[in-house]
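A.B. asks: Chains as they are written, first to last, in our numbering: chain A, 3 to 372; chain B, 3 to 372.
Be aware that one or more of the hints could be misleading.
[Stated by the list, open to error] Here chain B is said to cover these stretches of chain A; the calculated rule only asks that three of the stretch's residues, wherever they fall, bring their Cβ under 8 Å from a Cβ of chain B: (1) 3-12; (2) 58-65; (3) 139-151; (4) 211-225; (5) 276-288; (6) 302-316.
[Stated by the list, open to error] Chain A is nowhere near these chain B residues, computed Cβ spacing over 10 Å in every case: (7) LEU215; (8) ALA230; (9) PRO303.
I should point out that these hints are in silico values taken from the structure, not numbers from a laboratory.
Treat the numbers as computed from the prediction; the structure is a model and nothing was measured.
Built from N, CA and C at the ideal position, the CB exists for glycine as well.
Number of protein chains: 2
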Amino acid sequence: MRTPLSEQLGIEHAVFGFTPFPAVAAAITRAGGLGVLGAVRYGEAEALAKDLDWMDAQCGGLPYGVDVVMPAKKVEGVTVEQVEAMIPEGHRAFVREQLARHGVPELPEGQRGGWRITGWMEEVARSHVDVALEHPIKLLASALGSPPPDVIQRAHEAGVLVAALAGSARHAERHAAAGIDIVVAQGHEAGGHTGEIGTMVLVPEIAAAVDPLPVLAAGGIGTGPQVAAGLALGAQGVWLGSVWLTVAESEMTSPVLRRKLLAAGSGDTVRSRSLTGKPARQLRTEWTEVWDGAESPGTLPMPLQGLLVADALSRIQTYETPELIGTPVGQIVGQMNEVRPVAAVMDELTRGFEQAVARLNHIARKGEQG
Amino acid sequence: MRTPLSEQLGIEHAVFGFTPFPAVAAAITRAGGLGVLGAVRYGEAEALAKDLDWMDAQCGGLPYGVDVVMPAKKVEGVTVEQVEAMIPEGHRAFVREQLARHGVPELPEGQRGGWRITGWMEEVARSHVDVALEHPIKLLASALGSPPPDVIQRAHEAGVLVAALAGSARHAERHAAAGIDIVVAQGHEAGGHTGEIGTMVLVPEIAAAVDPLPVLAAGGIGTGPQVAAGLALGAQGVWLGSVWLTVAESEMTSPVLRRKLLAAGSGDTVRSRSLTGKPARQLRTEWTEVWDGAESPGTLPMPLQGLLVADALSRIQTYETPELIGTPVGQIVGQMNEVRPVAAVMDELTRGFEQAVARLNHIARKGEQG
């Protein structure tokens with residue numbers, strides 16, 4: 003499964019795998035794809051550096067990438083504490099009330115686990131970029147907006163391609179104007195921050211808008227036929243995130259969450275602002291439902307919402323409150339029904355792609371004979 | 003572009019074209035696809051019969067189909083007048099207020115134009131079925147729920163295949179249990195009544211759920227690469243509706259609406275309950291916006307909402323109120339930018355499909371050599 007982009011990057015299959023877990027990213031790379039490690043959960047750059055060192059040892063020189071979250075709008079000299087002070091007390095009370103209603107315990111003194119909002123702050127994201135560029139990465143991806151010009155320039159000087167996610171053609175055109183090398187066209191079906199336009203419509207629209215830049219198809223892709231569909235739409239590769247959450251190498255610590263993911267159907271996700279303030283697709287839980295419900299005070303704009311709920315989500319994750327625990331995930335969750343090693347997933351993706359192409363040839367050839 | 007289903011139906015290309023216009027349906031059939039005429043806009047069965055007679059003459063024995071809307075729940079012996087009486091006065095006042103605000107004139111005495119709600123009533127739908135089965139149709143499609151068992155039986159006795167639209171695997175399984183022959187898997191991107199699940203996820207999910215029944219991919223399909231993607235997902239054909247709205251043969255009477263469709267981007271649609279009471283994707287207009295706005299009384303359940311707005315929509319269509327006029331259409335509207343004859347659209351679909359397959363072969367073959 004090779005395209006000009008996969009050949010430029012030196013990977014066997016044009017499959018890009020986004021994951022927050024180093025063991026999964028390394029396994030994707032070893033299986034012939036390009037593993038992309040999400041840096042946002044790393045509060046400390048040192049922890050990211052340590053995991054990238056480990057990945058270097060695991061990948062044996064095969065290419066991998068890092069995904070950072072650079073804020074779309076730069077806010078100079080504002081501290082986390084100053085931003086925290088902007089959160090209305092009514093919203094804090096609403097969060098406390100929900101946790102109390104479900105009996106979610108407090109975290110032990112000094113412990114703050116799980117997803118850290120600090121990864122969203124530009125100073126932290128910049129420290130992630132510094133660490134990433136000290137490693138032999140081949141791709142630097144940005145999940146929210148184009149990275150600042152100096153970051154793009156530094157990446158290019160290091161021979162690193164820069165990718166950015168887009169949910170609309172206009173968004174993609176801004177990336178192209180900013181000097182991005184690859185646009186990830188992420189459809190409505192996708193997990194995490196995602197727009198209104200379905201993958202089927204978005205991929206060709208963005209491919210036309212940024213031509214000749216290469217586009218990766220994202221959203222609703224987790225099997226070989228979906229890979230074939232994404233590539234049929236004009237993409238030079240596919241970008242998969244959700245499907246790796248339930249692989250054997252996943253370092254997801256909660257058995258409750260893993261069981262929920264394996265059991266969920268494609269209709270069990272929701273695009274909710276409750277996680278970050280921007281619409282992000284995730285498992286539908288009583289937590290997401292209450293934020294959309296009649297008693298909700300409404301979500302706050304990014305980054306306030308993320309700061310508001312950071313500790314609450316840590317508590318829910320730590321104590322695995324079954325009805326509240328969730329995670330960003332796409333509609334493909336309905337097809338994630340068993341735990342498999344990354345290599346088995348990659349094998350299905352490539353074989354399933356080949357079978358889908360064989361089937362299309364059969365459909366096309368019959369027409370010639372007819 | 004042939005599949006077992008297209009061969010069973012005797013069509014050259016596995017392209018199913020839904021349209022409210024006989025001239026468009028006939029042109030789709032003549033171009034090698036299967037034109038499916040939507041019956042819902044026909045208040046009188048006689049008018050449908052006349053148009054089907056005309057289509058028979060146009061199609062020269064090539065196969066075509068008819069799409070009826072059979073209500074999901076049967077309501078015995080209820081008249082339109084009785085249903086009208088269930089509409090709250092506050093809702094009627096809201097409709098009057100919106101029309102007055104935009105200066106939409108009253109219709110002349112006795113004239114009721116445009117889209118008629120009566121097509122949604124079971125007695126009317128049954129008269130459509132009677133007329134359709136008196137013609138040499140090859141396909142009877144149902145847009146909302148499975149048709150009643152006696153209708154399915156009559157169709158089968160006449161050698162007519164029955165298709166039904168589904169927005170979820172569960173929905174599709176109910177169709178299969180009811181004896182349907184073909185399931186149209188219609189994704190979130192589609193125009194008209196549509197669910198939450200994107201085409202990329204929905205098609206393989208439904209294909210697996212109803213196997214070995216054939217599935218048509220619908221939603222976000224309007225170009226050759228999208229046809230290839232839909233077929234790659236396991237469909238035996240594609241079902242297109244929106245793309246025919248702007249063809250040269252379209253009998254759409256409003257130049258204002260046609261211009262709006264040609265100018266609209268993929269982000270200019272909205273899933274709104276304002277048309278029928280169930281979520282239906284359509285052009286976003288000030289009319290859809292006000293129903294979702296703060297002053298809205300909320301939409302009514304089907305069929306009340308449709309009855310409530312029927313005359314208002316006729317007035318808006320008749321007088322072409324630019325900011326209010328709209329139509330059901332999918333996100334593919336962003337790629338509908340010029341008026342072309344049906345034959346040119348079909349030519350692009352089939353050539354574009356072949357080019358996409360050639361491209362996929364190139365991607366797959368490179369892998370073999372590598």
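A.B. asks: Indicate, hint by hint, whether the structure satisfies it.
C.D. replies: Checked hints:
Proximity of the stretch 3-12 of chain A to chain B, defined as three or more residues with a beta carbon under 8 Å from a beta carbon of that chain, is established by the 4 residues found. Residue count for the stretch 58-65 of chain A with a Cβ under 8 Å from a Cβ of chain B: 0. That is fewer than the three needed, and the coverage hint is violated. Counting residues of the stretch 139-151 of chain A whose CB falls under 8 Å from any CB of chain B gives 0; the rule of at least 3 is not met. A stretch counts as covered by a chain when three or more of its residues have a beta carbon under 8 Å from one of that chain; for the stretch 211-225 of chain A and chain B the count is 4, and the coverage holds.
Counting residues of the stretch 276-288 of chain A whose CB falls under 8 Å from any CB of chain B gives 0; the rule of at least 3 is not met. For a cut-off of 8 Å, the count of residues in the stretch 302-316 of chain A with a CB near a CB of chain B stands at 0, and the three-residue condition is violated. At roughly 17 Å, the least C-beta separation between B:LEU215 and chain A is larger than 10 Å, which holds for a residue marked as non-interface. With a closest Cβ-Cβ approach of about 4 Å to chain A, B:ALA230 is found to fall inside the 10 Å limit, against its non-interface label.
At the 10 Å boundary, the C-beta of B:PRO303 stays outside the reach of chain A, the nearest C-beta of that chain being 19 Å off.
Figure legend: structure checked against the earlier numbered hints; hints not met, in rising order: 2, 3, 5, 6 and 8.
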